[in-house]
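As a plain string of letters, each chain reads:
Number of protein chains: 2
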Amino acid sequence: MKKLINTPGTLLTDALTGFAAAHPALDVDVRRRIVTRAPTPGRVSLVSGGGSGHEPLHAGFVGPGMLHAACPGEVFTSPVPGQIHAATTAVSGGAGVLHVVKNYTGDVLNFALAAELADDDGIEIATVIVDDDVAVEDSTHTAGRRGTGATVLVEKIAGAAAENGEKLAVVAEIATEVNARSRSYGVALRAGTVPAVGTPGFTLAEDEMEWGIGIHGEPGRRRGPIAPARDIAAGALDAIAADMPLEGEVLVLVNGMGGTPLMELYVMFAEVTAWLEARGVRVARSLVGDYVTSLDMTGCSITVMRLTGTLRDLWDAPVETPALRWGR
Amino acid sequence: MKKLINTPGTLLTDALTGFAAAHPALDVDVRRRIVTRAPTPGRVSLVSGGGSGHEPLHAGFVGPGMLHAACPGEVFTSPVPGQIHAATTAVSGGAGVLHVVKNYTGDVLNFALAAELADDDGIEIATVIVDDDVAVEDSTHTAGRRGTGATVLVEKIAGAAAENGEKLAVVAEIATEVNARSRSYGVALRAGTVPAVGTPGFTLAEDEMEWGIGIHGEPGRRRGPIAPARDIAAGALDAIAADMPLEGEVLVLVNGMGGTPLMELYVMFAEVTAWLEARGVRVARSLVGDYVTSLDMTGCSITVMRLTGTLRDLWDAPVETPALRWGR
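Protein chains in written order, with the UniProt record's numbering: chain A, 1 to 328; chain B, 1 to 328.
Check before you lean on any hint, since a few could be wrong.
One copy or any two copies: either way a pair holds, since identical chains are not told apart in the list.
To be verified - For lysine to any residue, the following SDA-like pairs were computed, each having C-alpha atoms within a straight-line distance of at most 25 Å: (1) LYS2 with THR308; (2) LYS167 with ASP138; (3) LYS2 with LEU117; (4) LYS2 with LEU287; (5) LYS2 with GLY96; (6) LYS2 with GLY235; (7) LYS2 with PRO200; (8) LYS2 with LEU109; (9) LYS2 with ASP238.
By construction, these hints were calculated from the structure, which means they are not laboratory data.
All chains, full assembly: derive it from the sequences and hints.
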C-alpha cells in the first residue's frame, strides 16, 4: 500500500491537524473530532458528518453559507453519537439544528441517537436523509438507496436558507426538496484502498470497469469492459432518467472519486452536457471536481438536480468554505 | 490504460469543451486552444500556458485577479507560438503583457517566438521564467531547474499587482521576486500515464517511491523505500532549506499530483507545518490541494515561499478563477 501517511492508526488525527493548520478561520477540535464555526444567534445551524475518506466532505464544507459543524468518523466508519451531540451543542444558535445525514445504516442510527441527546438538552433537531444514488436499492451499507453527490447540494442550498434566516421547518423542507429533486450514479475504474486494510476494496481487470458504484467500494450494478466517456455518461444518465424525468433547468455535479485527474472530469462534463442538451434539458448550473470522494478510487459520479428558481437562487448565494467558495 | 476519455486524440478538445461549458464567464476557443477573459484597458495582462495534464494549471487560473489567458498544449507538449501569440493579442489592454513561463525548453522557446510576434504588433512583452524545483539542476525537459508549484504563486501575486494597475516593469519584477523567493520539491508514489502512450511514465516497486520528481514523469533524484509522511516532509524541506534559508513568514503550498486523496495532503501539510514551526519559521499562508498536477500521478510537491508584507497583501487580494477564489 502506498500512501502519504504516517500510520493508518494516526491518519484521521494527522489529517485533522493539517486541516486545522490550513484553515484557521474554523475551530477544529482534533481530540473530539469536530470541526465548527460560530453559530449566528437566532438562526438555524447545520451539522453533518460521516466516515472519513470522502474529503472534502464534510469538514471542507464548514463555513459561512454552508455547514456549521462536521463530525468525521474513522475511515468509512460512522461518527459516534457523543461526537455528533457535542458538535450539535457547540453550534446551536437557539433556532434549531438540521442534521444532514447520508443514508448509511450506521450514520442514520448514530445521528438519531445524537438527536435524542440534543432533544434532552432542549435543542430542536430536524433531520434530512440523503439517498440520491439510483444504482442500487439496498447495499452492503444501507437499507434503501445510498447518499452520495447530492449531499453537497443539500448542504449548500439548505445552508443558504439557514443563512437567510429561515425557520428550522423551512430549512428542513428545502433540504428534503433538494434530495428529492436529485439523482446520482457512479462508476469506478479502480477501487480505493482503506489504509487500515492495505489492499483495494475490490479488484477489476485491466480492461474492466464497475457500473453503479458507491463511495465505500461496495458492489455496484455490474461490471463491463472499459467504455468511452460518452458511453459512460449515457449509461449513467439513462439510469438517472429512468428514475426521474429530466426536463427544464438542471444543476450537474461531475464528481471525481479521489484518484481521477480534473482533465478527465471535464471530458465527462462535456459528454453529460451534450447528452442532456440533446434532450432539451438545460444545464444551468454546474460543479466539476472532487467533492465526495472514496479515498484514491478512480472514477466519477454524476449528479443531476432539477432546479427551481428558488433553489437556483440559494445555490448562487455566497459561500465561503475550504472546498466551495464564491461571492456575489 | 483506464481513463475517463473518448480517445487520446480528442482528449484536449473534449476537456476544453467541458471546461467551456462549466465556466461560461470565460471565453474558450476550443479550436485555437486559448482560454481568455476581457482585458482592462490601460492595465497589464498576464498570459501563461504549457502542456496539458497539469490541470487546473493554467486555464483554471484565468479570471479576475489572476491570468487573462491560458494556452494549453497537447498533454505534456508545449503550446505553439501562433497559439500563444493569438492569446497575447486577444488580451492585450495596451499596457503590455506578462508571459509566465515554466522553465521547460519547448515552453521557453515557443513563448520567446510568440513574444517576437507580439513585439512586431507593437505589444510590449515581459517574461518571467519559473524555475523553483530544487530537486535536479537539469532534466530531460530543461536546461536549469524545472518550474513547478511556484507557478501558481507567481500567477496569483503578479495577477494581483496587474489588477492594482502596476506598470509592466513592476509586475514583471514582482513575478521575478516571487519565483526567487520560492522553492519546491516533489515525490511520487506512482507515475502518471500519458493517454497517447498508455503505460505509466516509469515503474516503481510496490514498496518504492521516487524522490525529487518533476511534473512530467522524468527521473528525480533517487528511489527509496516508501517512507512515512513525516520523513517525506523532512526530506523535501531539508532539500529546500539547503538551497534557500528558511526564516520569518512563509507561504506553503502542499500540492497533489492528481491521484492523491485530499486527506493525505492534509497529513503532509501537518508535517510540513510542524517541521517549519519547530525551526522558528511561521506558516502565515497556505494552500492545500491539486493545483499543478501530473495526470494521475500519486504523490505531492511542497513549495515554500518566503513572504514579505507586500507579497502577502497581493496574495490576500481577491481572486475569482475556476480553481482559486476568495473575496475580501
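Can you give me the call for LYS2 and ASP238, within, between, both or neither, at a CA distance of at most 25 Å? between (36 Å within a copy, 22 Å between copies)
If the cutoff is 25 Å on CA atoms, where do LYS2 and THR308 land: within, between, both or neither? Let me know, please. neither (45 Å within a copy, 37 Å between copies)
Alpha-carbon proximity context of LYS2 and PRO200, limit 25 Å: Answer is both: 11 Å inside a copy and 16 Å across each meet the 25 Å cutoff.
Alpha-carbon proximity between LYS2 and LEU117, which holds within one copy, between copies, both or neither at 25 Å: So LYS2 and LEU117 fail the 25 Å test inside a copy (41 Å) and across (47 Å) alike.
Regarding LYS2 and GLY235, is the shortest C-alpha distance of 25 Å or less found within a copy, between copies, in both, or in neither? between (32 Å within a copy, 17 Å between copies)
Measure nothing new, just compare the shortest in-copy and cross-copy C-alpha distances for LYS2 and GLY96 to 25 Å and report within, between, both or neither. neither (44 Å within a copy, 47 Å between copies)
Between LYS167 and ASP138, at a C-alpha cutoff of 25 Å, which is it: within one copy, between copies, both, or neither? neither (33 Å within a copy, 62 Å between copies)
Same-copy or cross-copy closeness of LYS2 to LEU109 [CA-CA at most 25 Å]: neither (33 Å within a copy, 38 Å between copies)
Within, between, both or neither: LYS2, LEU287 at alpha-carbon 25 Å: between (30 Å within a copy, 23 Å between copies)
Of the numbered hints listed earlier, those contradicted by the structure are 1, 2, 3, 5 and 8.
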